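Dock chain Y against chain Z, hints included.
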Amino acid sequence: MAEETKDEIKKTEDVNRRQFFMRLGLGSLSIAAAGTAAFSYQFLEPNVLFEPSPVVNAGKPDRYPLDSVTLDVNTGIYIIHSQEGYFSLSAVCTHLGCLTVWKPELGIIACPCHGSKFDQSGKKIEGPAPRPLPWKRIWLNDDGDLLVDRSTDVPPLGRDSFVRV
Amino acid sequence: MAKTMDQYFDDLRGTRVWRSIFRSGTGSSTLKRALAIQQNVFLHLFSTKVRARMLSFSATWYLGTLTLGTFLLLVATGIPLMLYYHPSAPQAYADTKDLQFVVSSGLFLRNLHRWSAHAMVFLVFAHMFKVFYRGAYRTPREFNWVIGVVLLLITLLLSYTGYLLPWDQLAYWAITVGSNIASAVPMIGDKIHFLLLGGNAVNANALLRFYVLHCMILPLAAMFFVAIHFWRIRKDGGLYAHSSEPAVLRANAAKSPTSRTEREKWGTPADAKEGQ
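Protein sequence lines, in the order shown, are assigned to chains Z and Y.
For what it's worth, my numbering labels the leading residue of the first sequence as 231, then goes sequentially.
For what it's worth, my numbering labels the leading residue of the second sequence as 439, then goes sequentially.
For the record, the hints were derived by calculation from the structure and aren't laboratory data.
Note that the structure is predicted; figures quoted are calculated from it, not measured.
Quick reminder that beta carbons are idealized off the backbone N, C-alpha and C, glycines included.
Each hint should be verified, as a subset may be incorrect.
[What the hints assert, rightly or not] In silico DSBU-like links for lysine-lysine, alpha-carbon gap of 35 Å or less:
hint, chain 1, residue 1, chain 2, residue 2
1, Z, Lys333, Y, Lys470
2, Y, Lys629, Z, Lys353
3, Z, Lys347, Z, Lys290
4, Y, Lys487, Y, Lys629
5, Y, Lys487, Y, Lys441
6, Z, Lys354, Y, Lys693
7, Y, Lys629, Z, Lys347
8, Y, Lys487, Y, Lys470
9, Z, Lys333, Z, Lys290
10, Y, Lys487, Y, Lys568
11, Z, Lys353, Z, Lys333
12, Y, Lys673, Y, Lys693
[Unchecked claim] A partial selection of chain Z residues facing chain Y, derived with a Cβ cut-off under 10 Å:
hint, residue
13, Leu274
14, Glu275
15, Phe280
16, Ser283
17, Thr300
18, Val322
19, Leu329
20, Trp332
21, Leu336
22, Ile338
23, Ala340
24, Pro342
Isolated chain Z, as found in the complex:
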């Protein structure tokens, strides 16, 4: 025990004044640099975003005839009125974020950028897209309007993923 203490004392004596101040200086600089990096990162990340709300009002259900696929280009969603009910798909291609379009003559959803193709339920038919088009949460509000939450995915063909009127 006593010997260890002695060693420790010797160790501290090994640092002379110049080395001490050098370490103190470099240490404070590193702390300041780390702090600057953290502040810069926080600064670059906006705290408030002036982006459109993820919840979209898609209007009255009777706007969408049975067996129709309707694209809203401004919000980037499809409202699909199928036999099972109304559901909503993201129209943003899962490949690189282009806006897809419904091709009524072919009965498919196609991306103009790199040729991905999806069926009416969002399942990929071909192309580079890595994932199917995600289903979005859809519900009726008190006024009887269809609302879609673009920030919430729901399971495809799930029982609660449809709105039945």
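Leaving out everything else, chain Y in the frame of chain Z:
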């Protein structure tokens, strides 16, 4: 006898004002010409003396110099364009159209900026291929190759950030696709995407960020690395001219027995063996 143009220029170089700026003084000698390079803040990055064959067209096809030329052209046309362009979502597209149709010489400046940008990307690649196939990236020039790769990336990023600024459909979707490629980075991809755009989608924040990157951060970074790139040319033994490389000179000397001076100067492979 009337003075010639050169004499007038020499008189000018002797005046007090000229001498206060350029110190080398009147007259022409090897020393004076060397000092003119060595004492100039811009030219002192380069070698004081260069072999004539290094400056011949065949040595480099002037691809690096031409790249610098397009860069300077881009700076010279880009700054005036900034005077009429507001990097804000409601105005950016209208300003671009104004530059095209309303501002005097706006069309010329914008087109020159655009064509120079295309030319710069082409020339950077051509320069790189020339350096690669000539083997000019080899020792002692490896580090300058690395600086060159950094400059290639800066050039591409300058092109990419400039792409968004017209704020039209092409710009919007090109940046949507491009920034989604950044999301493919493992783990931090989405974070990079968010920080790059300053949001979740290409909107006003993204336009402003790309504008600052395009007009300030990336050009400054380019100038910084270009300065290192040029300085390294001198430090790494000058421009690469195949016929001036020591190994090539030795091989040539060995091949032509008549050239005694060359052989004495560089030695022959046989000499090197005897020496061992």
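These are the hints, each one checked on the structure:
With a CA separation close to 75 Å, the supplied pair Lys333(Z) and Lys470(Y) exceeds the 35 Å bound. Distance hint between Lys629(Y) and Lys353(Z) is fulfilled; the C-alpha atoms sit about 27 Å from each other, no more than 35 Å. For the proposed pair Lys347(Z) and Lys290(Z), the alpha carbon gap of about 29 Å is at most 35 Å, so the pair holds. Taken as a hint, the Lys487(Y) and Lys629(Y) pair is broken in the structure, with Cα atoms around 50 Å apart against an allowance of 35 Å.
About 30 Å separates the Cα atoms of Lys487(Y) and Lys441(Y), which keeps this hinted pair within 35 Å; it holds. Among the hinted pairs, Lys354(Z) with Lys693(Y) is inconsistent with the structure: their alpha-carbon atoms are about 67 Å apart, more than 35 Å. Note on Lys629(Y) and Lys347(Z): the hinted pairing holds, with a Cα-Cα distance of about 28 Å set against a maximum of 35 Å. For a cut-off of 35 Å, the pair hint linking Lys487(Y) to Lys470(Y) stands: about 12 Å separates their Cα positions.
At most 35 Å may separate the alpha-carbon atoms for a hinted pair to count; Lys333(Z) and Lys290(Z) meet this at roughly 23 Å. Annotation: proposed proximity of Lys487(Y) to Lys568(Y) holds, straight-line Cα distance about 23 Å (limit 35 Å). Under the criterion of a C-alpha separation no larger than 35 Å, the hint pairing Lys353(Z) with Lys333(Z) is consistent with the structure, at around 15 Å. Restraint check: the Cα-Cα separation between Lys673(Y) and Lys693(Y) comes to about 30 Å, which is no more than 35 Å; the hinted pair holds.
This hint holds: Leu274(Z) has a C-beta 5 Å from the nearest C-beta of chain Y, less than the 10 Å allowed. Taking 10 Å as the C-beta cut-off, the interface hint given for Glu275(Z) holds, the closest approach to chain Y being about 6 Å. Given hint, Phe280(Z) at the interface with chain Y, holds; its Cβ is 7 Å from that chain's nearest Cβ, closer than 10 Å. The interface hint given for Ser283(Z) is violated, since its Cβ lies 12 Å from the closest Cβ of chain Y, which is over the 10 Å cut-off.
Hint on Thr300(Z) is violated. Least Cβ distance to chain Y is approximately 22 Å, over the 10 Å limit. Annotation: interface hint on Val322(Z) holds; nearest CB of chain Y at approximately 9 Å, less than 10 Å. Because the closest C-beta pair between Leu329(Z) and chain Y is about 8 Å apart, less than 10 Å, the hint holds. Below 10 Å, beta-carbon pairs count as interface contacts, and Trp332(Z) has none with chain Y, the closest being about 18 Å; its hint is therefore violated.
A distance limit of 10 Å between C-beta atoms decides the matter here; for Leu336(Z) the minimum to chain Y is near 22 Å, and the interface restraint is violated. With its C-beta approaching chain Y no nearer than about 21 Å, Ile338(Z) sits outside the 10 Å limit, and its interface hint is violated. A distance limit of 10 Å between C-beta atoms decides the matter here; for Ala340(Z) the minimum to chain Y is near 15 Å, and the interface restraint is violated. Restraint check, Pro342(Z) versus chain Y: the minimum CB separation of about 9 Å is within 10 Å; hint holds.
In summary, the numbered hints that this structure violates are 1, 4, 6, 16, 17, 20, 21, 22, 23.
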